[in-house]
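Knowing the structure of chain A, use the given hints to seat chain B on it.
In case you want the letters, here they are:
There are 2 protein chains.
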Amino acid sequence: MLGDLVLTHDMIVEGVHFLPGDPPADIAWKLAAVNLSDLAAKGAAPLGMLLGYSLGSGAWNGAFIEGLRQAIDAFGTPLLGGDTVAVPHHAPRSFGLTAIGRAPAGGAPNRSGARAGDALFVTGTIGDAGLGLELARAGEDGTAPVRAYRRPVPLLAEGRALAPQVHAMMDVSDGLLIDALRMAEASGLSVTIDLARVPRSEAARAFAGDDRAARLAAATAGDDHALLFAASEAAVAASGVAAARVGGFAAGQGLGLMDDGGEIPLPGRLGYLHA
Amino acid sequence: MLGDLVLTHDMIVEGVHFLPGDPPADIAWKLAAVNLSDLAAKGAAPLGMLLGYSLGSGAWNGAFIEGLRQAIDAFGTPLLGGDTVAVPHHAPRSFGLTAIGRAPAGGAPNRSGARAGDALFVTGTIGDAGLGLELARAGEDGTAPVRAYRRPVPLLAEGRALAPQVHAMMDVSDGLLIDALRMAEASGLSVTIDLARVPRSEAARAFAGDDRAARLAAATAGDDHALLFAASEAAVAASGVAAARVGGFAAGQGLGLMDDGGEIPLPGRLGYLHA
Chain A
1 MLGDLVLTHD MIVEGVHFLP GDPPADIAWK LAAVNLSDLA AKGAAPLGML
51 LGYSLGSGAW NGAFIEGLRQ AIDAFGTPLL GGDTVAVPHH APRSFGLTAI
101 GRAPAGGAPN RSGARAGDAL FVTGTIGDAG LGLELARAGE DGTAPVRAYR
151 RPVPLLAEGR ALAPQVHAMM DVSDGLLIDA LRMAEASGLS VTIDLARVPR
201 SEAARAFAGD DRAARLAAAT AGDDHALLFA ASEAAVAASG VAAARVGGFA
251 AGQGLGLMDD GGEIPLPGRL GYLHA
Chain B
1001 MLGDLVLTHD MIVEGVHFLP GDPPADIAWK LAAVNLSDLA AKGAAPLGML
1051 LGYSLGSGAW NGAFIEGLRQ AIDAFGTPLL GGDTVAVPHH APRSFGLTAI
1101 GRAPAGGAPN RSGARAGDAL FVTGTIGDAG LGLELARAGE DGTAPVRAYR
1151 RPVPLLAEGR ALAPQVHAMM DVSDGLLIDA LRMAEASGLS VTIDLARVPR
1201 SEAARAFAGD DRAARLAAAT AGDDHALLFA ASEAAVAASG VAAARVGGFA
1251 AGQGLGLMDD GGEIPLPGRL GYLHA
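In the order they appear, the protein sequences are chains A and B. Reminder that position 208 of the first sequence reads as 208 in my numbering, one-by-one numbering, no gaps. Reminder that position 204 of the second sequence reads as 1204 in my numbering, one-by-one numbering, no gaps.
Isolated chain A, as found in the complex (with noise of 0.2 Å):
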């Protein structure tokens, strides 16, 4: 935050954060759009990015900015600048993007402000993405889950529409349950998930089935970009946004998980975890 501004700098590393063989294009708009779902957690309106570019082989670069390009129109967002370096033959090349976007009016919402009693929220799927890495992984191509990983969309107007509703918002990017628990963490709460509310894609539960396996891990798989926020229920209807009421906060500490009417162990990895 500076002023009104919000600020967000991501960096995506060759053998990383994407494959060698990854599509350029698709690169450089998951570069965009993972910049961009940050301001949409906070409710802001982007109003450009800079770039800081690795040079690649000729045809590399035209696919790269032919992607770029794509993003800048399909969320308004102008390139402003940037860099571009030339890097050492072979070596793993690096992205960085800036997105600056203007704070909504009453101010942005942050991960801390959870209050006891709140419900937690979640608009757009969860575990699409994540099933979409597998999928690419074991060579398919095309599908509804690989382009979920590969463009993922930021909800920059729904986090518009829910930042004055909401009393903490954030971006799904490590995996709702992980996350979920660092809202609570930040919010000196505790919060219960009830796996059998977490809004899944038909094309996911078409792929991976819908028992508790494929929920959980739905509910621990990364990049999905959903936006997951503190509200009450009336606050949520204010805002016009459809979203799936997931669970709830109250006293206390750490993460507790529900399913079918009942709690259940937390599974041994909550998420997944950056460097």
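Because the hints were derived from the structure by calculation, they are not lab data. For each residue, glycine too, the CB sits at the ideal point set by N, CA and C. Take every hint as true, because none was put in to throw you off.
Pair by pair, the computed Cβ-Cβ distance ranges are:
1. A:ASN61 <-> B:GLY1058: 31 to 41 Å
2. B:ASN1061 <-> A:ALA157: 34 to 44 Å
3. B:ALA1116 <-> A:GLY21: 50 to 60 Å
4. A:ALA86 <-> B:ALA1074: 28 to 38 Å
5. B:ALA1138 <-> A:ALA86: 20 to 30 Å
6. B:ALA1074 <-> A:PRO20: 37 to 47 Å
7. A:GLY252 <-> B:GLY1058: 31 to 41 Å
8. B:ALA1074 <-> A:ALA251: 43 to 53 Å
9. A:ALA86 <-> B:GLY1254: 20 to 30 Å
10. B:ALA1074 <-> A:PRO267: 43 to 53 Å
Just chain B, lined up with the frame of chain A:
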């Protein structure tokens, strides 16, 4: 430019912009300084920085952070956020920094506003950093030129005082001759530079002498981050900033070089060309 904001983003890559053996604190300082120098050339007041950081060893990270802290203190510009990534073992590391500043009330100068009849001025000295790079490569350390190369100081106060008075301004990052030619080309003019008037430090003259070869080396060396601007003598006097008049603009195009009262041929290389 974004409203009254000035934004800049520069990346540096190991093996290209710095060497694995360079002191990490100096790398951090320089990364901040070169971005803030871009703001200085716009007459902007720095508001904050975002860092994109590739993790190294614990000791390396600690030293880098210490250098960044020194820059934050020296330039009064807070770190607002950023991103940290792990890179594959033995991969060259890269860093990006975004600096945000507030433009002066009358607007930020650019490089295209020079007018025929304007004088060309330099604030700061020319050639120290290029000489410092040579000395550092030869194993010299702790000399003033090496310090100028590793710890450049953005001329923020000078830039702010000059901005309302100049017709065009930029920082000398690739070499005086090439950057002056770029200003002339952007302004649709020709520029003449008198080599004898180019300001050089006492240390640089002591190390490299003051003959024409030394002066040409200084005028074609990069990384100085002096300010180069087009203005009238009276305007510069009004700014209160000490500056050397090194040449002037006229109708036409191209760069003319003078020394000892006569025109001399241009060197084969006018400056440092980045990728």
